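2 protein chains.
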Amino acid sequence: MYYLGIDLGGTNIAAGIVDKNFSMVAKGSVPTGREREYTDIIRDMADFSKRLITDAGLTTSDIEYIGIGSPGVCDRENGILLYANNIKFNNVPMAKEMQKYISLPVYLDNDANCAALGESMAGAAKDVSDSVTVTLGTGIGGGIVINRRIFSGFNGMAGEIGHTLLIADGELCTCGKKGCWEAYASATALIRQTRAAAEENPGSEINRLVDGNLDLINAKTAFDAMRLGDDTGTRVVEQYIRYLAEGIANIIVMLQPEKVVIGGGISKEGETLLKPLRKAVKERLYYRKDDVPQAELVAAELGNDAGIIGAAMLGMQGGF
Amino acid sequence: MYYLGIDLGGTNIAAGIVDKNFSMVAKGSVPTGREREYTDIIRDMADFSKRLITDAGLTTSDIEYIGIGSPGVCDRENGILLYANNIKFNNVPMAKEMQKYISLPVYLDNDANCAALGESMAGAAKDVSDSVTVTLGTGIGGGIVINRRIFSGFNGMAGEIGHTLLIADGELCTCGKKGCWEAYASATALIRQTRAAAEENPGSEINRLVDGNLDLINAKTAFDAMRLGDDTGTRVVEQYIRYLAEGIANIIVMLQPEKVVIGGGISKEGETLLKPLRKAVKERLYYRKDDVPQAELVAAELGNDAGIIGAAMLGMQGGF
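Quick note, the sequences are listed as chains A and B, same order.
Sequential numbering of the first sequence, starting at 306, is according to our numbering.
Sequential numbering of the second sequence, starting at 306, is according to our numbering.
Since the hints were derived computationally from the structure, they do not count as laboratory data.
It cannot be assumed that every hint is accurate.
[Stated by the list, open to error] The list that follows gives simulated cross-link-like pairs (lysine to any residue, SDA-like), each with its CA atoms no further than 20 Å apart:
#1 A/K431 - A/Q599
#2 A/K594 - B/N395
#3 B/K483 - A/R583
#4 A/K405 - A/T359
#5 B/K587 - A/T479
#6 B/K325 - B/R453
#7 B/K594 - A/K594
#8 B/K431 - A/K401
#9 B/K332 - B/E606
#10 B/K580 - B/E606
#11 A/K355 - A/G377
#12 B/K587 - A/G481
#13 B/K584 - A/E601
[To be verified] So the derived label-pair ranges between C-beta atoms look like this:
#14 B/T577 - A/P507: 37 to 47 Å
#15 B/G362 - A/R381: 48 to 58 Å
#16 A/L477 - B/G338: 49 to 59 Å
Note that the coordinates shown come from a computational prediction; the quantities given were computed from them, not determined experimentally.
Quick reminder that beta carbons are idealized off the backbone N, C-alpha and C, glycines included.
Only chain A is shown next, with the shape it has when bound in the complex:
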């Protein structure tokens, strides 16, 4: 039996067919066209799903169900996307709409939750039952997995850890609240911090790396400057790691998962990021002694596939 997972993003609809061993037997993506009506977007999702099934040499009857990971707030029970920010879906009956084109069960959950489930079932957290996955991107996505199931609270919205507090009355977050962790520790925030440092220190390696065009700064630039021994780049990275550590310490103090998985492009820095981050997190824990096992901090393993694989696993939480 196979499972079809769709990761609906603001830019692309990515999808894949996964087998029982979490191997992707077919995979691809098409543009979302986010400004369009939801009916058009969902029709494309269905058409692309059918194409993937055919490309894999399968038929619909080989597929157990379709799982969809979507941005925003989902009513999982009824397969309704209540609200999303970066695609303009409000109260959209995703499952029902998909089923107009493909007659398969459809499961729906938040994309960050799907990524967390993917890492839990087949990635960096596959050896533990409780984990939290933090995805550092435009924002900060968070997914809590308890007993290998997504934990999403009584209303489906748990795990929005990007919007826990870093500094009361601090920087304005895109959610409208002030001082959210996301406003300091997302990739977007790192880029903003790198840019501000470059403006203040025009002689830094950051400026040289982008030939003075600060619009070219990305989430890697400060790390690159640091690798060149640049003081400004080093300061930006060190401050960013402190911001990151505060939010991760919050997760651990509250939930004590066995693993915290860091995903998103920045996680590709690997130990350059993780080593100082582990130290900074430990300094911020409530209980800092080593006589109790502490959460392990690891990099995500599945990259962008996490969302697809997790979506494909939505119907089998708790085991086959």
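Go by the hints and put chain B onto chain A.
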């Protein structure tokens, strides 16, 4: 069948015998004598338990087990208190030591977790399966209940929500970390804030209420001054409610429990506290619209009995 719960505190050992309907059939307390050896304290716990059993007209065979709620970090599986702050217990085999005197199964968990379990089974959250109980006292105790079981993470230390962050690099907390919620929103913090305001505004009602002796300020003083129309008292309460709201919003954003229960002496302010608090919390949520059900904020119902009742329920989590 009956269940014996012990709430081990820095000042008193409180204990009670609870029946299947969560009614307390016997209750009492003896001083802890916290500076003594743990062997002496635990012997007193056992002696007092036996006395309660006799006073209730029961025998040991009527009691299914003993549950102990203790400050600090517990190894629940092995009944060991790993570390406590306000009693000097380090790596103490609580269960084994108790069983030297009474031959009954002994369960051990953190006291704030027990209070949360008590409110969940028999108090303010008895109608929902997921709740978080926040006890505002010397510090802030927190307990997470999921599916009517204490959730304490893979190492038993989850739910230390007093030590989530309010302000990065903010006020020094008793745990050694800076900016913890507890440093701003515990009863101790409110007393400190009230005192500082009184020092700055010697003409305020706060000063009059304590006849100028600021050592007499307690967690009720600012509320009393506010009730008298005092500006200084009102400002202190309003700021305190903002601090409280930030941490409660953090809990909701991360866990989305169906109820958040506020316990501790301050919760006796009832709607004077809860009404503005609900408004302040709502402003701080990630998703602020009303089309999704939101956590309800309520006052604790069991008072100091919550810890005893919760301890007495430790052996039957998940139901009878």
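Margin query: Hint by hint, where does the structure go against what was stated? Just the numbers, ascending.
Written below: 7, 8, 11, 13 and 14
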